[in-house]
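A.B. asks: Below are the chains, spelled out letter by letter.
There are 2 protein chains.
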Amino acid sequence: MANALYAQSGGVTAVINATACGLIETARLHPTEIQKVFAGHNGILGILEEDLIDTSFETPEAIAALKYTPGGAFGSCRYKLKGIAENRTEYERLLNIFAAYDIRYFFYNGGGDSQDTVHKVAEFAKLQNYSLTCIGIPKTIDNDLPFTDNCPGFGSVAKYVAISTLEASLDVASMASSSTKVFIFEVMGRHAGWIAAAAGLVGKTPNDPPHLILFPEIPFHEDNFCQRVQETVAKAGYCVVVASEGIRDQSGKFLAESGLTDAFGHSQLGGVAPQLAQMVKQKLGLKYHWAVADYLQRSARHIASRVDLEQSYALGKAAVEYALQGQNAIMPIIVRDSQEPYQWHIDVIPLSKVANQENKMPKHFIREDGYGITNVCREYIAPLIAGEAYPPYQNGLPQYVKLLNRRATKGRI
Amino acid sequence: MANALYAQSGGVTAVINATACGLIETARLHPTEIQKVFAGHNGILGILEEDLIDTSFETPEAIAALKYTPGGAFGSCRYKLKGIAENRTEYERLLNIFAAYDIRYFFYNGGGDSQDTVHKVAEFAKLQNYSLTCIGIPKTIDNDLPFTDNCPGFGSVAKYVAISTLEASLDVASMASSSTKVFIFEVMGRHAGWIAAAAGLVGKTPNDPPHLILFPEIPFHEDNFCQRVQETVAKAGYCVVVASEGIRDQSGKFLAESGLTDAFGHSQLGGVAPQLAQMVKQKLGLKYHWAVADYLQRSARHIASRVDLEQSYALGKAAVEYALQGQNAIMPIIVRDSQEPYQWHIDVIPLSKVANQENKMPKHFIREDGYGITNVCREYIAPLIAGEAYPPYQNGLPQYVKLLNRRATKGRI
Chain A
13 MANALYAQSG GVTAVINATA CGLIETARLH PTEIQKVFAG HNGILGILEE
63 DLIDTSFETP EAIAALKYTP GGAFGSCRYK LKGIAENRTE YERLLNIFAA
113 YDIRYFFYNG GGDSQDTVHK VAEFAKLQNY SLTCIGIPKT IDNDLPFTDN
163 CPGFGSVAKY VAISTLEASL DVASMASSST KVFIFEVMGR HAGWIAAAAG
213 LVGKTPNDPP HLILFPEIPF HEDNFCQRVQ ETVAKAGYCV VVASEGIRDQ
263 SGKFLAESGL TDAFGHSQLG GVAPQLAQMV KQKLGLKYHW AVADYLQRSA
313 RHIASRVDLE QSYALGKAAV EYALQGQNAI MPIIVRDSQE PYQWHIDVIP
363 LSKVANQENK MPKHFIREDG YGITNVCREY IAPLIAGEAY PPYQNGLPQY
413 VKLLNRRATK GRI
Chain B
13 MANALYAQSG GVTAVINATA CGLIETARLH PTEIQKVFAG HNGILGILEE
63 DLIDTSFETP EAIAALKYTP GGAFGSCRYK LKGIAENRTE YERLLNIFAA
113 YDIRYFFYNG GGDSQDTVHK VAEFAKLQNY SLTCIGIPKT IDNDLPFTDN
163 CPGFGSVAKY VAISTLEASL DVASMASSST KVFIFEVMGR HAGWIAAAAG
213 LVGKTPNDPP HLILFPEIPF HEDNFCQRVQ ETVAKAGYCV VVASEGIRDQ
263 SGKFLAESGL TDAFGHSQLG GVAPQLAQMV KQKLGLKYHW AVADYLQRSA
313 RHIASRVDLE QSYALGKAAV EYALQGQNAI MPIIVRDSQE PYQWHIDVIP
363 LSKVANQENK MPKHFIREDG YGITNVCREY IAPLIAGEAY PPYQNGLPQY
413 VKLLNRRATK GRI
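These protein sequence lines map, in sequence, to chains A and B. No gaps in the numbering here: position 112 of the first sequence is 124 in my numbering, and each next residue is one more. No gaps in the numbering here: position 312 of the second sequence is 324 in my numbering, and each next residue is one more.
With the rest of the complex left out, here is chain A:
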């Protein structure tokens, strides 16, 4: 008899709980191998503090409801374990906790840094001769993990961004003759333009909105941008811009950090959209509006992608199945089998291969002028936003579950 421990790591998504759902439901099918699934409260920080949630108190209905509840049901955190040499005590602490709670399966659900962490934990356990099966489960809206066809969480953000762009563009188009001429929509993506790229699914030609997409991969050029906006307004009557938060100027400086100061002279951080809006106003004198989706985009479970949801669930399920097969220090990934119809299956790769790699947008996914996506990119992203998977509603609001999150009795170590 042994227990499992699951923890969520880094920024949460609309479907990370679907992975938790797949994992816990599958573990519950194997009660002789896995007695209990514990969860770290607020991720690995909770584990280090011996703050563990005992998920066995949750009803099957509550666990099933995780499939349609956004956010991180057990809490997540931003915390990166240092190397073993640098902070050995933290790794020892982890293994002591694991031993105290009979934890023999460790599932860590996160992005690139988290895969690195779980890999190190696996190595340390081996060093210490502590029998532990470690599985990293991918999750990141940034879509920057290597090997996997895509990252769970990305498809849903992509769908949200594409739909929001489509809807706002219809609004702007209706009013442009006498009102707003330029609409700027800021989306996430500090290092890679995947999320902004999803807006490109909306327009079929460069004359359709979104007219201009700004990628972190392409250095921003103010004059050229303003010229393109002006040309677009002249031709189409209005211009819709989708901007990655992480665009940088020619010197590599984030636009979001440039220039603005408040009444006290402090520089203002954040907000590429208002920066671009100021340029449009000052250089072109055009009426603008801007939106910043921020957390709305990564929590928008109400319009999650069905494909993303199914993949997220499947990865949680596969993680348990691989663990029970004795696979250690691996990460389940999504493999694309065919494009049309989109077919996929789950495979694994060793965690040693994953660590410290970032999957940026390939050059041939960005249009030559730097302001849009190519057909190859469109074909890659399109299937990931396919299908809807609406949560249940009551009185007009989604019925998201709030777990009991009862803590395991503390003080075992």
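No lab work stands behind these hints: they were computed from the structure. Misleading hints may appear alongside valid ones.
Which copy is meant is left open, so a pair is good if it fits within one copy or across any two.
[As the list claims (entries may be wrong)] No more than 20 Å apart at the CA atoms, straight line, and that leaves these computed lysine-lysine pairs for PhoX-like:
| # | residue 1 | residue 2 |
| --- | --- | --- |
| 1 | Lys216 | Lys414 |
| 2 | Lys247 | Lys414 |
| 3 | Lys92 | Lys299 |
| 4 | Lys265 | Lys422 |
| 5 | Lys94 | Lys138 |
| 6 | Lys216 | Lys293 |
Based on the hints, put chain B in the right spot on chain A.
C.D. replies: Just chain B, lined up with the frame of chain A:
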């Protein structure tokens, strides 16, 4: 035989096209009374320019699809006709166009200013002995028209804002222990706090998110706000703020216009959320994130309220029916018959009563501390967001219709 003319006015909504759908479908049931429905291209500006759309070219399927397509399908505009005494030529021009196209029914779909305009047109037609039936059809996300139980367009924005607040709050709550402590969500509402109030449907107690709602009706007090944020973070671990774009300081100045200047010393317009975020950072030193929904909220047809959709359609239908009954210079309104279950019917009021009135939030709808809504407010708004009415999807995107918008042959006058 006569024709009808329909025009959309002011900011568009997720459901204004549902009103157009109800109107055109009902007119098509009465071909002996109404031969054609023309539509002003970009609203009344198109009418003045003799730029009319002949909707008879649209298939029944295309007209039906208006029910689930956001934006203004014929184009809208921001343009307020002056008084008859001030600009008589514009009114004469309108009547000349009406006469040239045999228009005997004029339907104007907009907010308070538009109701004033259609009222003046009705009066001028009477003065000129031109037989014309004028109907104003309410529409505004601001929910500030008098007499009607609520305004078409509001319920859908309210639903979007409530759901977005719920979802983002789950995200923030998951991460607060090690990341963002304060999340600020800016929504529309320049003079009235109805839209921000809708976020209050999410939390059941002042301890639930959204913890603080900022209304234009309540003068903003920086110190008190910062204190409340700090207390909330201390108690709940995080703080979710929903701010109306139109909040003003004690001197009556819009917060969105205060203080920020760019590198050239120009003051920056727009964005209450980043302003509030700066306060949180400077006074409290707390990690923040902010979102500005802007057009996303009023075009979010993907999550429109079913009640709002049904009312919007019903008003378009009723407008034609009242017109054919010979009612002139009236506006159909929504009357609330019962609260639970929410039941309503359509009635009319004379346009003379509507003009130049604004329906702000009543005092007893705002909690005594000024940062939330009361139960009375909750009971008023709750039924307006009830029910979902999803558009059809293809390849992951809503299938919004693009009308032919074939123009009537110009040059009749």
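A.B. asks: Against this structure, judge whether each hint is valid.
C.D. replies: We went through each hint and held it up to the structure:
For a Cα distance limit of 20 Å, the shortest separation of Lys216 from Lys414 across copies, 14 Å, qualifies, whereas the shortest one inside one copy, 41 Å, does not. In this assembly of identical chains, Lys247 and Lys414 lie within 20 Å of each other by CA distance solely across copies; the values are 19 Å between and 50 Å within a copy. Within a single copy, Lys92 and Lys299 get their C-alpha atoms only as close as 44 Å, which misses the 20 Å cut-off; across copies the closest is 18 Å, which meets it. For the identical chains of this complex, Lys265 and Lys422 are neighbours neither inside a copy (47 Å) nor across copies (53 Å), given an alpha-carbon limit of 20 Å.
Proximity of Lys94 to Lys138 under the C-alpha cut-off of 20 Å is restricted to the intra-copy arrangement: shortest distance 18 Å within a copy versus 82 Å between copies. In the homo-oligomer, the alpha carbons of Lys216 and Lys293 never lie at most 20 Å apart, since the shortest distance is 28 Å inside one protomer and 42 Å across protomers.
Going through the hint list in order, the structure does not satisfy hints 4, 6.
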